[in-house]
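Asks: Going down the list, the sequences are from chains A and B.
Just so you know, the first sequence maps onto residues 1115 to 1558 in the numbering used here.
Just so you know, the second sequence maps onto residues 418 to 506 in the numbering used here.
Hints in this document: simulated from the structure, not taken from any laboratory.
As the structure is a computational prediction, the values presented were derived from the model and not from experiment.
Glycine included, every Cβ here is placed at the ideal spot set by N, Cα and C.
Heads up, some of the hints might be wrong.
The calculated label-pair distances, taken between Cβ atoms and stated as ranges, are [as the list claims (entries may be wrong)]:
no., chain 1, residue 1, chain 2, residue 2, range
1, B, R486, A, E1505, 42 to 48 Å
2, A, D1206, B, G450, 53 to 59 Å
3, B, G450, A, M1443, 19 to 25 Å
4, B, Q435, A, P1478, 44 to 50 Å
5, B, Q435, A, D1170, 37 to 43 Å
6, B, G478, A, Y1241, 55 to 61 Å
7, B, N494, A, M1516, 31 to 37 Å
8, A, V1183, B, A460, 53 to 59 Å
Straight-line Cα separation of at most 20 Å, SDA-like style, residue types lysine to any residue; simulated pairs [as the list claims (entries may be wrong)]:
no., chain 1, residue 1, chain 2, residue 2
9, A, K1353, B, A431
10, A, K1353, B, R427
11, A, K1304, B, P455
12, A, K1366, B, L479
13, A, K1304, B, R448
14, A, K1304, B, A446
15, A, K1366, B, I484
16, A, K1366, B, M487
17, A, K1304, A, Q1469
18, A, K1304, B, W464
19, A, K1366, B, P488
20, A, K1243, A, Y1191
21, A, K1304, B, V453
22, A, K1366, B, Q435
23, A, K1366, B, Q493
24, A, K1366, B, A446
25, A, K1304, B, G450
26, A, K1481, A, Y1534
27, A, K1353, B, E434
28, A, K1353, B, S433
29, A, K1366, B, W495
30, A, K1304, B, S499
31, A, K1366, B, A485
32, A, K1366, B, R427
33, A, K1304, B, A447
34, A, K1253, A, G1165
35, A, K1353, B, N494
36, A, K1304, B, R452
37, A, K1366, B, S426
38, A, K1366, B, N494
39, A, K1353, B, Q435
40, A, K1353, B, G424
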Amino acid sequence: MPQRIAIIGGGAAGIGAAGGAKASDPSAEVVVFTEYEDAAYSPCGIPYVHGKEIPDFQRLFLAPKEAYVEAGIDIRYETRVTRIDPAGKTLDVEGQGEVAWDKLIVATGFDYADPGVPGSDLGNLYYVKNIRRAMEWDKVLDDVRTAVVVEASPLGLEMVTALLHRGITTHLVDPTPWALSVATDPDIAKPVEDSWVEMGAQLHFNTRLEAFRGSGTVSSVSTSDGDIDCDLAVVCTAKVANTRLAQAAGLKVGSAGGLIVDETMKTPTADVWAAGDCVEIPHGVSTVPVQGLSGSHAYAQGKVAGANAAGGRRRYQPVYVPWGMVAGMWMIGGVSFSETLATALGMPYVLGIGQGISRARYYPDVKPVRVKLLGEPGTLRLIGAQMVGGEGIKERADHLAMAVRAGITLRELATMENVYSPPIGALNEPIALAAQNALSRLDG
Amino acid sequence: MATARRGFSRWLRARSEQSLKQAACAQIAARYGGRVPPAPRGADRFWVSVYAPVFHRLPRGLRTMVIARMPGSHRQNWTYPSRPAGPAV
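Only chain A is shown next, with the shape it has when bound in the complex:
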């Protein structure tokens, strides 16, 4: 009799887990429960449809529903799991009663942090998550003249840019002094903020959200800096692990708020694995667990959880968190620690800053690239980086994440070889320039 592997959640982690389980044990009965009408689409692409860079939502789907049927994966759409019984190995499923499982994977994702202000139940508060709702909101956006984006989180940065592209007067309200104020430093965020202003945005940093106001739907947002009239507010607060169901079943949560897992994505509860935004993973440099990573992290964790639940032996690894995005007229990105975060944690560092270019200086459309590198004093091992530039940021962030993971030092980066080809790379690589700058500071 084939083993039954139940997966709660049809996002990147859940679908990754289903594929991982089937690959590990093709005879396994894999059942995915999702509350939504769809599974396996890219919610991260939603801001770019709103911004009209992507022409339609259909392109965000990874595969048609039939593809999962053909792969032997039973996805139960619009199906809510209301209880997990780890001892009896059953789930209570709305409309289906008790469903038995041999192995369980929890991939329940995230919720946005509650803004915690009056008026949070008003209409026209948009939480970007579900693609069907996004399709409806996209029509609403046609009639929106003024919008407020709440918090300069990664999604907040993308939504500000998208709404500006859409021709909507956009206000950004954030309680911190600059955009992404932990992942970035003010010198990295400034070009982005300047470009938003150039595009027409009104920025309200160091500004607390106090209330959403309106009758039925939001008509203004009250802040510590005054009221802002608007037709729509996009709530982009922090991603909080959705662990309600798992915690009710006795699964343990760590200090970051995510479910506790080991490197096989196994929870301490027998025959239960977990993956994606509902778990916490140790950081590779600090070892402190972190939560709320990217879709690529969730998918990879799901693959590991699914493979292992089905009987395989795969390991996930501590994370170094490369990140990047288009914000305003710039690309920004980084890995692990900014100066701000290192300072907050009391981590000493040596700093190098390089200002370079993305292509040969004479090649059309050459763009500036600013790189900041943080190294551990003494060993000079790379522990963090940030970048802002016109292009090539994602590739550098990926490269530098591997450099942190491999223990590469600033001395090695200072003498790195680099591709020189006028349309795609300059004579001097900005990463090398930043590392050389760090060494010259050390040498006085």
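Got chain A sorted already, so can you dock chain B onto it with the hints?
Replies: For chain B alone, kept in the frame of chain A given last:
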């Protein structure tokens, strides 16, 4: 009891992070000429003006030990990468 301890750990971490970040933003803003966060008010004054400096004065080993003892995935089995030695081929 264990649930209460986990709840306290989460609260402590969240509160600690918030105050440490606020204090760090002020330092980094001063260095780069950026916007400075508003002065802390109410209970924030304790966390930013007292807790954050005390945290930074603690020996790093002690801070690491406290963090290591908090409940979380880091206390499970994880393999950290080791740096290879010798030639690749």
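Asks: Does the Cβ-Cβ separation between Q435(B) and P1478(A) fall within 44 to 50 Å?
Replies: 46 Å, holds
Asks: Is the hinted pair K1366(A) and A485(B) satisfied, with a Cα-Cα distance of at most 20 Å?
Replies: Within the cut-off at roughly 17 Å; holds.
Asks: Would the hint linking K1253(A) and G1165(A) be met if the CA-CA limit is 20 Å?
Replies: 12 Å, holds
Asks: Is the straight-line distance between the alpha-carbon of K1481(A) and that of Y1534(A) 20 Å or less?
Replies: Holds - the C-alpha atoms of Y1534(A) and K1481(A) are around 15 Å apart, at most 20 Å.
Asks: Can you confirm whether the C-alpha distance between K1353(A) and G424(B) stays at or below 20 Å?
Replies: Holds - the C-alpha atoms of G424(B) and K1353(A) are around 18 Å apart, at most 20 Å.
Asks: Using the Cβ atoms, figure out if N494(B) sits within 31 to 37 Å of M1516(A).
Replies: 23 Å, violated
Asks: Just to be careful, I want the Cα atoms of K1353(A) and R427(B) compared with a cutoff of 20 Å; is the pair within it?
Replies: Between K1353(A) and R427(B) the Cα gap is close to 15 Å, so the pair holds against 20 Å.
Asks: Tell me if the straight-line CA distance from K1366(A) to N494(B) falls inside 20 Å.
Replies: 15 Å, holds
Asks: Please verify whether K1353(A) and A431(B) have alpha carbons no more than 20 Å apart.
Replies: 13 Å, holds
Asks: With a cut-off of 20 Å on the C-alpha distance, tell me whether K1366(A) and R427(B) pass.
Replies: Measuring from Cα to Cα gives roughly 12 Å; hence the hint holds.
Asks: Checking one constraint from the list: CA of K1304(A) to CA of G450(B), max 20 Å. Satisfied?
Replies: Given that 20 Å is the threshold and the Cα spacing comes to 11 Å, the pair holds.
Asks: Taking only the CA atoms, is the gap from K1366(A) to A446(B) under or equal to 20 Å?
Replies: Distance ~38 Å between K1366(A) and A446(B) Cα, so the pair is violated.
Checked against the numbered hints given earlier, this structure breaks hints 6, 7, 12, 18, 22, 24, 30 and 35; the rest are met.
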